[in-house]
Structure formats: structure tokens, C-alpha cells
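Assemble chains B, C and D onto chain A, guided by the hints.
There are 4 protein chains.
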Amino acid sequence: MAGNSIGQLFRVTTFGESHGPAIGGIVDGCPPGLHISADELQQDLDRRKPGTSRYTTARREADEVKILSGVFEGISTGCSIGLLIENTDQRSQDYSKIKDVFRPGHADYTYWHKFGIRDYRGGGRSSARETAIRVAAGAIAKKYLKEKFGMEIRGYLAQLGPVAMDKVHWNEVNNNPFFCPDPTKLDALDAYMRDLKKEGDSVGARVNVVASKVPVGLGEPVFDRLDADIAHAMMSINAVKAVEIGDGFAVVEQKGSTHRDELTPQGFSANHAGGVLGGISSGQDIRVSIALKPTSSISIPGKSINLDGEPVDMLTKGRHDPCVGIRAVPIAEAMLAIVLMDHLLRHRAQNLDVVCNTPDIARLQDE
Amino acid sequence: MAGNSIGQLFRVTTFGESHGPAIGGIVDGCPPGLHISADELQQDLDRRKPGTSRYTTARREADEVKILSGVFEGISTGCSIGLLIENTDQRSQDYSKIKDVFRPGHADYTYWHKFGIRDYRGGGRSSARETAIRVAAGAIAKKYLKEKFGMEIRGYLAQLGPVAMDKVHWNEVNNNPFFCPDPTKLDALDAYMRDLKKEGDSVGARVNVVASKVPVGLGEPVFDRLDADIAHAMMSINAVKAVEIGDGFAVVEQKGSTHRDELTPQGFSANHAGGVLGGISSGQDIRVSIALKPTSSISIPGKSINLDGEPVDMLTKGRHDPCVGIRAVPIAEAMLAIVLMDHLLRHRAQNLDVVCNTPDIARLQDE
Amino acid sequence: MAGNSIGQLFRVTTFGESHGPAIGGIVDGCPPGLHISADELQQDLDRRKPGTSRYTTARREADEVKILSGVFEGISTGCSIGLLIENTDQRSQDYSKIKDVFRPGHADYTYWHKFGIRDYRGGGRSSARETAIRVAAGAIAKKYLKEKFGMEIRGYLAQLGPVAMDKVHWNEVNNNPFFCPDPTKLDALDAYMRDLKKEGDSVGARVNVVASKVPVGLGEPVFDRLDADIAHAMMSINAVKAVEIGDGFAVVEQKGSTHRDELTPQGFSANHAGGVLGGISSGQDIRVSIALKPTSSISIPGKSINLDGEPVDMLTKGRHDPCVGIRAVPIAEAMLAIVLMDHLLRHRAQNLDVVCNTPDIARLQDE
Amino acid sequence: MAGNSIGQLFRVTTFGESHGPAIGGIVDGCPPGLHISADELQQDLDRRKPGTSRYTTARREADEVKILSGVFEGISTGCSIGLLIENTDQRSQDYSKIKDVFRPGHADYTYWHKFGIRDYRGGGRSSARETAIRVAAGAIAKKYLKEKFGMEIRGYLAQLGPVAMDKVHWNEVNNNPFFCPDPTKLDALDAYMRDLKKEGDSVGARVNVVASKVPVGLGEPVFDRLDADIAHAMMSINAVKAVEIGDGFAVVEQKGSTHRDELTPQGFSANHAGGVLGGISSGQDIRVSIALKPTSSISIPGKSINLDGEPVDMLTKGRHDPCVGIRAVPIAEAMLAIVLMDHLLRHRAQNLDVVCNTPDIARLQDE
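Residue numbers (UniProt numbering), protein chains in the order written: chain A, 1 to 367; chain B, 1 to 367; chain C, 1 to 367; chain D, 1 to 367.
No lab work stands behind these hints: they were computed from the structure. No false leads were slipped in.
Pairs count within a copy or across copies, as identical chains cannot be separated in the list.
Within a straight-line C-alpha distance of at most 25 angstroms, the following computed SDA-like cross-link-like pairs (lysine to any residue) qualify: (1) Lys213 with Asn351; (2) Lys99 with Ser37; (3) Lys66 with Glu147; (4) Lys148 with Asn351; (5) Lys66 with Thr88; (6) Lys99 with Ala270; (7) Lys148 with Asp353; (8) Lys99 with Asp313; (9) Lys66 with Glu86; (10) Lys213 with Trp112; (11) Lys66 with Asp89; (12) Lys146 with Gly74; (13) Lys148 with Val354; (14) Lys146 with Val355; (15) Lys146 with Asn174; (16) Lys167 with Ala250; (17) Lys255 with Ala188; (18) Lys99 with Gly74; (19) Lys197 with Glu61; (20) Lys255 with Ile300; (21) Lys213 with Glu310; (22) Lys213 with Gly309; (23) Lys148 with Val355; (24) Lys146 with Asn351; (25) Lys303 with Ile117; (26) Lys66 with Pro21; (27) Lys303 with Gly267; (28) Lys167 with Glu253; (29) Lys146 with Asp353; (30) Lys303 with Leu315.
So here's chain A without its partners, still in its complex pose:
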């Protein structure tokens, strides 16, 4: 059934396949009065865009977004915003060979068995290409949250295969093609990726996203908790297999005396919780971490079956990122922005004040 929407009050609905004429979406619920231009959305889209470095897919897409409605003379009207990105570099001929086989690790098998039909060109609807519209929609949310509340939503590559970052220098993140916050690791990343490409293999990654200056009070217990909705949004990103809030899995071995963030008149003395208590934002930084699997599109042959259930040897050609986790950074930021925006509106519906002045001693530092 209808599963292509996210959000209740700030609601994003998308359509489009990898090799169709266009992808697009509708942002419903954006408050009126926000200055929005296609150029601004384009900035985040360009960060996600394929073909920007030798580490990402060679597919070249302009990814030029058009705003078709909901913005009048540069200002949002409160009506639904139509977004459109035409697909320009489709190369459908690349994909005809995989028409009758299921690529291992892909959604080919499940789409086929669910729907009995699939657009096999480039993964069709299951392609990560769809996430471009998420980024455009997220850019609208980001702008609103920043402009009205000073909220900042930023992500970075925390680990790529064995290479884990040690430090977070926020102002370095956008200076390299890896969204890497630790410049001392750039050589290691470069070397690792070169080897990977030689092998024809791919690798997983960890991406962290942090929202700062979040108002206290966002989240609606008991099911639509802020953290539950974040988990949903993050796990809806292609290739994501795990989500952590705050200390995440480290809590398994923690004791209560360590984990509970004590309160002082100056604010919280730590942020193990990741900015959410009882499903409601505490005013501290929201800290989210996600794991992205290695893409299954690699040039090492693998076993699979065809539509008749007969064994075949597969070798995925086409142009693919050896680490899809890298380009996931702006996508994860967009999803967090969409969830926060939605919950901000939900909070405000009850005529509750939006308060942003919580002191936050434990805020993630950029040393």
C-alpha cells in the first residue's frame, strides 16, 4: 500500500525510478513565509550528486531541481510544493542483461516476488537515485529550522571499512570528497579506496549526524517518539542496517550510574542519551549514528539464480560507488531535518512554546 510518504505535518511524498524520465516529490505542510529558491536546494543536492569524485559512481546527473508550486515570488505560500528532477544520463542499455536474473544483495528478488513485475533498469524504484528528492525536501526543512530556531543539522563520515575517524572538525567536513571530519585520515581513506577499486569490491561505512540547538519538547510519546521516528527515517535510507541514538549499543555494558546524564543548574553534565529522554528532545544535541552496508554491485562474480530458479554467475557492471556510505551524509542530514521539522510542527499544534535556551554543557566539541 501507499508507502512513499514520510511525516505527518511536514509530509514528503516521492516518486520516480532510476531510469524513468524524472524523479520528483511533494512537500506538504511547509509553513508560509519561508524564502525558498531552487538554488538553495541545489546546494545540498550538489553535495549528494554522483560523479563528483573518483570515489563515487561515474554516472553524471545534473540533478537540477525545479520548484513547480507552493512558492510565490520566492516565498512559500503554505500550499504543497512540487519538486522535479529530470533524469538526463539514463543509459538503459547497460541494464538489459540483468532483466532475467536477481543480483545478489539487491532488491531485485524481493521486488519481483512482491509485485510480479519490476523495472530492472538500474534498480528502478529501489535505486538510491530516489534519495535526491529527500535531499531537496530536507533542504527546505533545514532552512526553516536554521532560520527560525538556529538549529544546525550536520553529518560526517565516522568510519569507512577499517578507517575510523578520531576527531570531529566540523569545518573540514565539506573540504574533502569523503565528508571526513578528521584531515589526518584522508590519506588512509584515499589509499583504502584505491585498493578497493582495484579489487572490484565495496565496503560499508558509519555516518554520524548531529542536530544542535534543538528545542526542548519535540517528540510525541508513546509511539511517535522523536527517537523512534528518527530510527524510522534513518532505516528508510537505502543500505542502512542499524541506527543508534546517543551511546547506542554501548549502553549494553554500561551501568545506570554511568549512563544517566546528571542535571546541574548549568545544564546536563553529559549526553549519553543523545538528546532524547522518554522520546522527547531534552535540548541537548541529538546524536545519531547509522551503519551502511557495502553495495552489492561489485565486479567480483557472485552466484545467483534467474527467474526460472536456475543458477547463474553474476557480474554486476554499470557505474557504482565502492562505498555508498559516503554520499549518504547529506541524505542522513535531510532525513533528520525532515523528522525534526515534522515534530516541531506537531509540538506547536498543541500551542506549546518552542523553547531553545537549554544550556548544553555536553555539546559535541570541535576542538
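Then chains B, C and D, alone, in the frame of chain A:
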């Protein structure tokens, strides 16, 4: 706004505070024709019930569930099912001391700042007591899935503090108060918990849940993916801070050649994906793992502030589980059942066959 | 699928059958800080209650509502509010005869064919008894709207069979068992009802509801228009077959020069539109009119069939209102209140001011 | 908040303003396997298209719909379907004069007061132009319902001002520009419209829609009843002020012995109910009637105010239909199709059979 519902077609809505007269819920969307009795729901409720061992809270609740509607002569009618559990052991006097202070690590601070009012008795709505209704509702879903499709949804304690289980013997899980699947670890668990109680501290845990004989095709891309909805449901459980599907965070260091589950005419040759590809179930076991934080209600004093922002020393009295993760096992099973039930109905809406015969070579073994 | 909820942000979900142990509901999304007591809800319930006059069903129900959650020390907490009314006068024995037959004009036939099972006692879920919870939930909405914005939501019987009211004296409505606003018609109503009872027949009615001091701006185009949601809510009341906003069907023969409500610096010069323009409230009175069919439970024999499709002669016994439209007045008020409350919250979510000061020249007068 | 969607499982979301670059929408939840082409959607769009006769607006729009996704090699894939219609004849210059004034009877006043900003060109989002996408989406639903169940959804003009139709000849409806089912009235319609144009005035209309061969069992009590959702969908059409199901307002004066449709072994002996009992379809024809107000865009001057609240004399120029009700016929059909499609999917979710074989003695005849 309205956040007390989960599910689209199989929709569970709950109400009730820890120390109010009752907790309850409505299950809307249960198909007609299912045999349901309060006794059957009670079986799962008894597994979650407090006061069953010296390792869980001493609060004693009968947790007796009543079915008020939607079942006629023992059979579901397709109409909404009303569920009610009266609170019998409320002891409100225990809680009057915490009226004006925020217990560190609890939802006191966030509920107060969000709503400007809170039912402080036992955590009010933020108490895990609310999950009893989830278990009752989940038992309905479990029964339907088992009866119609042979689906089996089972959980166990995978780790408690430093004690990690090595083996999974499914038939041992319900033979001990820990939901522990590895009998060789029972002594270690017992010793660890005894020490913990002496310290007055608490500890985190990891719980795994597995759904077997899941039909192929459940899940609605691109936002309402099966794994995204599982992540949402799991993160909505009190104290959960992380969720993994399949290999979870281990994928960060995996290569594509390892991670992708190859296909053979006999079925998948591995299950790194955890039974979900492209957001749709593959027919393999759904493997979910969650992390539960240590409860913040411990008898070691901690720093906090009162409503006026002044520093106070807190010492949480009352009756609390030293490891809330243990009792989370039936809750996690219930949430997984609710999500699968919801997606089964969503799948069927499109007149798609429900197919359960996928060979599953990699199914989790009980050796 | 799940169809027992109404509203997005102020969401009411109900359960319960005519002859089950209880009916109940959950109100989710009520803002915190509202003084609510069971006594206040009871006042509207008592207006709807059966057995209050010789013109309504002889069934006697205390209809005593209990608030089980969401209200702490008399004040709403922002958490879900559980409502419960126990069924005390059930007399199941009355209904065993209709177990195997379909009463003409009732939902027996459709429930049976939809679900393959039905609780035949008193109509089960299809009984108007369910509306008691709507009235209780609506009373919460009414109180909020009145207290915060001065909104007034009032209904009256506009026509009963051939007896149409000529004038609307608001302060007469609750002084008679008919909710009749025109005292000159009371004798005619009384005579008509006496004759009807003698015949053993029933009759339809028209009920009007008016909301005054409605803020400008409520309603979300293009599908969730205020008038569209009002139409939905009204048509969801048992026995309602038609809904009008403003001039309703009279517009068919109107010209544009007559219908359009001109604007002057002092306000609108008329209210043909019924307070809604383009799906958004204009600040004028919302005027709604509904038609309720005559109940099919009459003591005049009728033709029908049994479960085997064989012809039977039916004679509905039991205790029934000869005009169900009368008791629909508080129900219609409740539904209008629920819709306005929901849209008020939706409006406010976008940080839009709630403005109530529109001059309204054309407001319905009580001369 | 987000209000631009309709339907739960067959969900239509739209965007676009009268004078923006394009209007569009997303149809989410269409089952896979349906043959769909833009040409087929175009047929219904052409019936709604402006500029087809001298009785409708002179605006000329190609209204050419493009399918951007969700259809692969002519067959629906189960993924979201993107629809786009470019606006070609926009003439924005016509509208600059009304920038600072509120046209009486239009949504100008309410959009302005709600949002604080409005796209004044041609009514912006409040323009009926938006309904073109409804027609395209409805054509998909219509095709599915017809192909899989033989359902037929057809509308006609029942009354235009004082001219009421006496007979319904279905095969005449599409032979004249009025969707008039009674050829004996064509001259009267023609004369009336000519006079109306001379006066510069407009008039209201009544449109009837009938769905035949509807399966028994569609509709989800107690709030999402089939008739309640039909009322919502119909009232969401621009200019609609009233909705009737079956006998509608005539029930006010009916007696129960007349209204209740008796059952015989051969089927229902009448259809006063309009095909819905207890909110669930009975298998009889669904009969719906709606009233459309006269457009307020007329060339007779009217009083209004400007943004500063000062009085102005308004004279609406531009190109407008003297009776918007005429072109509402395909729109009303589309909305009924969307609701029935949605409820068909909802019904099927519970694994309930879709049964279409109810004998229907009272079906509306075309003599």
C-alpha cells in the same frame, strides 16, 4: 499531537499511566474469524509481568487483561477490540517526594518542559507499565501470524552487561527468569545480578528477536519499508537506544563480496541482510537486535535539579528492575509481531499473494 | 482496516458494542492544561442519554463516563485520555430471534457479508450506542474551544417529518425533549409523535448545527478542507444521509450575484457560504444541516430474508426511538466540535495566529 | 498542515497552482499489473478540459498528462505513479488587478487570512484547475475497478438552475456539452445559458453520480464508513456545498416503513439507502448527488474590500464558466472512483473476499 498509535491497518492505540486507575488500548484492524481469548493474551502478559523473580521489580500486578469488544463468542468480528488492565498495586505515596525534582536519566525533565504538567507518580505515562498493553495487542498479532502462516516470533536475552550468550537454544529461553537461551551462562547471570543489586546499580542489555517463516514481499518502499517500520517500533520501546537488522553495525567493516547473500536454486546461502532486501522481506528469518539502557532508577545518589533549577541530590527509591532489558523480551516480540501483522495486511490489500515457501538455507539454527 | 478513528491531531478512537460489557474510547492530542472532569462530560452525555422522555428508546442506561488517564489532578496532561462507559442495561435475550435474519434497512446484511460474523445483539458495533463516546470526546473539544476562543457549538431540531421549525430561539432548545428551538411547534411535535407511536412507525428529521466565533483560517486545502472534514464527520453519524454547508442544495437554483457574500469594511453582508470559502473558515458562523433517516426498527412487519436466503416476515421488537434524529443533536454538536478542534491544532502547527475577531454581520439571529 | 492527500491505501497527493509552471500529483498504492497509458487518462481529462464549448471558460489548455513513474512497459509496477500537466495558457497579466482586493465569494479572503500570503493569479491553489489531476488519478481507479470487477462509475448533470432533468439516458450523457442525460432538455439548457451569459451572471447545478456493480462489503465503520468518505471526497471538490447519499434530504419526511429497503430472495426491493447500510456497501448502486454553487466570478459588479479593509467595487474579468457544475461531472466520477478504490484495497487487506454478485432489483434504469 496524537502519538499514541502504531500501525496503519493493524493499528494499536494505548492509554494509561503507571498509577492511574487502569491502562488500556484499542486494536483496530484485526481480521474477523480469529479465535481470541483473554487467557491466551494473558500468557504473554505473564511473561512480562513484574514481580516474577527477584531480578525484576517487586511491584506486584495481576496484569489481568479484559477484552471489552470486538470478540463475539470467542471469535474476532473485525470490529475494534478494547483491552483493559486495571492497576491494582499503585502505592502513590512512594512518589510524592519526586514531585518537584527531575530524576536524572528519566523523562521527568522532558515531560515537564514539553507539557508544563506531569503525572509524577511512577513516571506517569512514561512508565514502562504502558508496554503491558503492547504485549496484549502483540499476542493477537502473533496468534494470527502463527495460525494463518506458521510464522514464529521469538526473542531472547543476548547480552546482559558483560555476560554475552554464546548459543541459542530456543527451548531453554522460557525455562529461566532471564529469557536466556544459553544455560551455561545462567550462573554468571545470577552472580552478576546479585552483585549489581548489592551495589544498588543497574545495567544495560541486548535483546535479539527473530521472526521465522515470514512470507516474501512484506514492506512498502520507499519510506514504509519493513526494516524502517521495525526500527520505529523497536525504538518506541522504553529504554531502547539502538536497533540493528541482520548484521547491523558489523556491516561497517564488511566488504560487498562478503555481505551480499548469494542465491542458489536451494535458497539464499547466507543471511547477512537479516531477511530484508530493499525494504521488503525476502522470506529469510527477520533478525533484529536492540540495545536497552540501564534504568536510571538506582539507589546510588545522583545530582539533579528541582523545578526551580536548584541543585538537589537524588536517590531514587521505589521498586525497580536492575536490568529492564530482561523483561523487554516479550515486548520486543510483541512489537515485531505488530509490525509484521500490519505489513501483511498492507501487502494483501494490493491483492498480492502471501507466499511462505521460500527455502531458507541460512535460517538461525538451534544446535 | 482500521476505521475506528477520526481526526489527525485531535484524534478520537472508539470501541464497543451495544450489548458488550462496555464501550469506550481514546482521545489523543488534547493539549495539556485544560480542566476536565467526568461531571462536565456527563452533562452532554445526559442530553444524548436514552430513556429521558417518552419519545426516545425505553432502554435505560446510566451512561456514566469514567476518565481513566490523561487527566491529573483535574487537568489534562497532554497524554492520551481513556474513556469508559459500562453497559448496564443489556437485555441480550431480546435479540436472539434476529440471529439468523437480516432486519431490512439495518446494517445486519452488510456486516454479515463483509465480516462473515456479526454480533447481532442490538446491532452490535453498528448500534448508535457507540455515539455516546463521541459525545464525551466532543465535550472535551467543546470545552477547549469555548474556554480558549469563546467558540460556541450548538444544534437544534430543524424539522421532524412534516413539522418544520420557523424560528430559532437558542435558549429554548434545551427546555424540551425535542431540542426544538421554536416553542410554537411543540404541540405539533407532540401530536405527531403520538400518532407515529400508535402506527408503530418512525420518521426522519433534519438537524442544524451552528458554530459561532470560529477563527478565520481553519481548514487545509485541497482535500482536508474544513467543509470536507465536516461532511465526513456528519455522514459518519448513524442514520445520516445528507449534509449541507451554508445554503446547501438551495445553491442549485441560485445565481452568482445572489450567492456570493459581499464584503464590506464592517464584515460580510450575508452568509450563504456557511462560513467556509475555499475550504477555509471565514470567521462567519459555520452552518451545517444534516438529514437523518427514519429508523428501520419499527413494529410494522416487513419482508426480509434469512441467512439461507429464504423469505421471512420481520417484526422488529425491542426498544427504539421513533425518531432517532432527535437524540442526534448532541452527537452532531460533538462531531462538529471534534472537527473544529482538529483543524485548530492543524492550523496552529504552522505557527499561524488564531484570529477570532472577524466582524460577522450575517450571524444567525435569535430574535 | 499537510492536507493535499486523499485516501489511505490508494492515496492521491496533488500540487500546483492555476498559473504556475505545472500541476501534478502522485498516485500511491495502485496495485501492480494494471495496463495504464497516458492516452487513457487523457480521455477523462478531455471531458473536463476547459474551452470545449461556448458554455465553459475560454481558457484553452491542452491538459496533456504525462506519466513519469510507476508504469513500466505500459504496466503498473506497484510503485508510486507521478503525474504532470504543464500549464500552457497562463495569461498572468489578467490577474494583477486583483492583487490587493478580495473577490467576494472566492477563497481570496480566507487564503490571505490563513497564510498571510497568496498566489492571486487565477486563484492560485484554490483554482479548480487543480481538479485536472484528480481526474487523471480517478481514471486509474476507474480502469482498475472496471477491469477487475466490472464496476461502472458514471455521472450526469441532474439540474442546472431551474432546468431539472426528467430522465436518465446514460448513452446520451457524453453526446452533449452539458453531460445532460435527458435530450428533451437540451434546448432549455441552451436558452438558459445564453440568457445567463447575456446577464453576465452564473448559476448553480446538481450533479448525480452512480456506481454500479459495487461489491458488497466496502466501508470501514464507524468513522471511515463508505458514505462518510464519499461525503468527504465530494465536499472537497471546489464549489460543492451539499452531498446526498440515496434519498438524501428526502428522508426527513419519510417514514421508516417507506424508507427501509426490504429484502427478498431476489435482492433488495428498492434502493432508498443509495447502496450503503451501516456505512458498508450493500451491492446495490451507490447513488450520490451533489450541489455546486454558482461561480462568484461574474461580470456584474459587487462590493468588496481591499487588503486595507477599504471598500471597493469589484468586477471580475477573466474567462470563467457561467456554470462550473457542468464540468464537475468527470471530477465527481473521479472522486467516487478514488474512494471506492481505496475502500476496495482496505477491504481486501483483511483477506475478505470481494463479492460482486448481489442481485440488484432496484438498479437505476435507462429506459
